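Student: Start from chain A and add chain B according to the hints.
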Amino acid sequence: MSQKDTLKIVIVGHVDHGKSTLIGRLFFDTGSIPEVRYREIEELCKRQGRSFEFAYLMDALEEERDQNVTIDTAQTFFKTKKRPYVIIDAPGHREFLKNMITGAASADAAILLLDGVEGVREQTRRHAYMLSLLGIRQVIVAVNKLDMAGYSQRVFQAASNDILAFLHPLGIVPSYIIPISASEGENIAKSLGKTPWYEGPSILDALDNFKNVRDEEGMDFRFPVQDVYKFDGYRRYAGRIETGSIAVGDEVVFTPSGRRTAVKSIEKWQKPDIQKAGAGECVGLTFEDEVFVERGEVLARYGLAPTPADELRASVFWLSNNPLEKGKSYKLKLATVEVDATLVDIEERFNSSSLEIIERHARQLETTEAGNVIFSLKKPIAAETYVENARLGRFVLEDGMIIGGGGIIREVRSAEGTPVRLLSLDERLATEPDGNQVDLTNLYGEVKFAVTPHFLSLLAKGDRVLFRLRDASQIGPVALLAFENNLGFTFRRERDEVSVVFYREKAASPVPASGEPVI
Amino acid sequence: MLDHLDELENQSIYIFREAYRKFENLAMLYSIGKDSTTMIHLARKAFFGRIPFPLVHVDTTYKYPEMIAYRDRMAGEWEANLIVGKNEEAIKAGMGPEKGRLVCCEALKTQGLSKVIDEHGYKGLFLGIRRDEEGSRAKERVFSPRDKNFEWAYKDQPPELWDQFNTSFREDTHIRIHPILGWTELNVWEYIQREKIEICPLYFAREGKRFRSLGCMPCTGPIISDADSVEKIIEELKTLRTPERAGRAQDQENAYAMQKLRAKGYM
Chain A
1 MSQKDTLKIV IVGHVDHGKS TLIGRLFFDT GSIPEVRYRE IEELCKRQGR SFEFAYLMDA
61 LEEERDQNVT IDTAQTFFKT KKRPYVIIDA PGHREFLKNM ITGAASADAA ILLLDGVEGV
121 REQTRRHAYM LSLLGIRQVI VAVNKLDMAG YSQRVFQAAS NDILAFLHPL GIVPSYIIPI
181 SASEGENIAK SLGKTPWYEG PSILDALDNF KNVRDEEGMD FRFPVQDVYK FDGYRRYAGR
241 IETGSIAVGD EVVFTPSGRR TAVKSIEKWQ KPDIQKAGAG ECVGLTFEDE VFVERGEVLA
301 RYGLAPTPAD ELRASVFWLS NNPLEKGKSY KLKLATVEVD ATLVDIEERF NSSSLEIIER
361 HARQLETTEA GNVIFSLKKP IAAETYVENA RLGRFVLEDG MIIGGGGIIR EVRSAEGTPV
421 RLLSLDERLA TEPDGNQVDL TNLYGEVKFA VTPHFLSLLA KGDRVLFRLR DASQIGPVAL
481 LAFENNLGFT FRRERDEVSV VFYREKAASP VPASGEPVI
Chain B
520 MLDHLDELEN QSIYIFREAY RKFENLAMLY SIGKDSTTMI HLARKAFFGR IPFPLVHVDT
580 TYKYPEMIAY RDRMAGEWEA NLIVGKNEEA IKAGMGPEKG RLVCCEALKT QGLSKVIDEH
640 GYKGLFLGIR RDEEGSRAKE RVFSPRDKNF EWAYKDQPPE LWDQFNTSFR EDTHIRIHPI
700 LGWTELNVWE YIQREKIEIC PLYFAREGKR FRSLGCMPCT GPIISDADSV EKIIEELKTL
760 RTPERAGRAQ DQENAYAMQK LRAKGYM
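The listed protein sequences correspond, in order, to chains A and B.
Start counting the first sequence at 1; every next residue gets the next number (the working numbering).
Start counting the second sequence at 520; every next residue gets the next number (the working numbering).
If we strip away everything but chain A, and leave its shape as in the complex, we get (with noise of 0.2 Å):
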């Protein structure tokens, strides 16, 4: 698990929803404004004859105070008594929707506000479907200017609904909704008492409350090679590792090659003798055989390899102000890899607002539409669906000499076919409050399981095991893996949820005490 201090924050919504106010008002409330530039905007609002603006701290440019807009994104920081936040504004204008996605895509959570008078706008679902295409799931809905509504909670209600009504199909739960005034500062820092019928936290509380806990390193090995160092007379492989750990020793086998090897040594400048590094560290990767790949490359644990790809399903939104068009080859660039990419079929073209469907099998995306592409690759590349590996299943597309859009991958084609996964069973198991839990939700394409000494242990022990199947083409598996180690299986179907409880019967043949995993 990696643990960050700090959390990103984007605040999305539709202009003149009250953004830059809201943040002003955090800094205001969260005591982060300098003495120095409070005292300097005071001093400028006055000189334009109008009250304190908060909006001034962030739109820093000499147009978008003019012009009372935000043109480009900014990062400013403001703490709590809990952690620091970097809190990243992005604009609401339409015509600055890349600014508003460059802004959001780096981001941990987000805060989609709403005016509660005006409801959703075109913006306001715009972005909300933004954050589910970028892959933020811990939102904030603040319904804002309730001050102009009496603080009516009918009022607040009915924007709430619309805005639940529009989010549902999106996938995306807030996590809270929240009445709020930034102007006036109810319910950010704390309560003032103008809600009294509102009893859930402060936008602060809220914050505070998100979790910044990733678990990149629990996932499987992905290390894209991004460049070869011969400056002390040998090969060094430059990378940072996206998902997982490694550990010198350990088999390794390249995409899309094929190349194996083992890792022969981990280094970081002045730190020798590194035994093993995870998710998020910047290396360089020595091997025990000569290799010779490229940047783009991406190395995986052997067996558990990311699928060489010819073909990619995605959904992408398109910014440039040229059209995406069907039949041109474009640059996809994912992680450490660019390819030329055809793009052979816009099966859906929609309009990234309603996200009603304006056309099957477009000829072209115009600028702030999203569709579901086929590409057709150049060569195989070592990708991933957005859902297994979200840093090797999201991209951008360069449009002659600008990045011109981007999307997550939805299905990941081959023309050999999907290879077989093998899946070490301690990777995935997880003992939770409520007992053993091997989670195949997220896992896609065929699988073998490795079994481990620790999982047969613990149903040694009595322990169940609880697995988790993302839909019943996965019982298949599940079930050989029962019979090949002579464990007991049961169904269990709640809701939607398939999944199957594993345990060792009484009478069952002994455990191997150690020695390695049996397949």
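Subject to a maximum C-alpha distance of 20 Å in a straight line, what follows is the list of computed EDC-like cross-link-like pairs (lysine to aspartate or glutamate):
1. A:K276 <-> B:D525
2. B:K779 <-> A:E40
3. B:K757 <-> A:D29
4. A:K211 <-> B:E526
5. B:K757 <-> B:E709
6. B:K728 <-> B:E754
Ranges of calculated distance between the beta carbons of each label pair, as one might list FRET restraints:
7. B:R689 <-> A:Y234: 35 to 41 Å
8. A:Q157 <-> B:D747: 55 to 61 Å
9. B:K779 <-> A:M401: 23 to 29 Å
10. A:P196 <-> B:N668: 55 to 61 Å
11. A:V387 <-> B:N668: 44 to 50 Å
These aren't lab readings, by the way, just hints derived from the structure by calculation.
Bear in mind that the values here come from a model prediction, so they are computed numbers and not experimental data.
We treat Cβ as the ideally placed atom computed from N, Cα and C, and that holds for glycine.
Tutor: Relative to chain A, chain B alone:
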């Protein structure tokens, strides 16, 4: 288990390696301050102890002598290739802050930088700016393209997401790379402490005063402080309520001074 400083460090290393792979003929702007000194330490981490590009210092001739002495000593220690650039013409013509601070900054720093880039044909520059320093820097991209006239199109910047930076440009584009953009002033000091990075002595209090931000003598004033060690500076920062660049006179020239300077190529 990575803490926040580890995350920032790894992110900076990733940016360095990405830029080094993507562009020929890079240089690093070295201002002698704590940020660019920290940036050099990160570059050495990225390239296993080396700095595989020259360090460029734009000398306005108005720098404190302690800064120059420190610069030359450290460059030797790092085995760096130090290039010192000057706008000789403007210096000979008597340019100075009395002609107007912004005019002076533009002539001696921006034009000085432009000259040294032209002379050496650098295609890209690493700069140690941070988003928390000042409003227009907060809007920057990690890889920020500039046109042939050095200008920053801050109203129409290309998108940048998921560590996918814009790396294809027209031949006459100049790229600025910002490896520590996401760091705060406090992060930099905590990292200096953790990594035991040697910084310019002017940052430490002498006779009740120290510099919080280093620049040219006429435009940079010290703050009142007794913080004479990195530990004490960190403690002091946690209570300070004034912005970092409050001691820099050019910033205070008018409300959008920095935005105007930066649109034309200032750091």
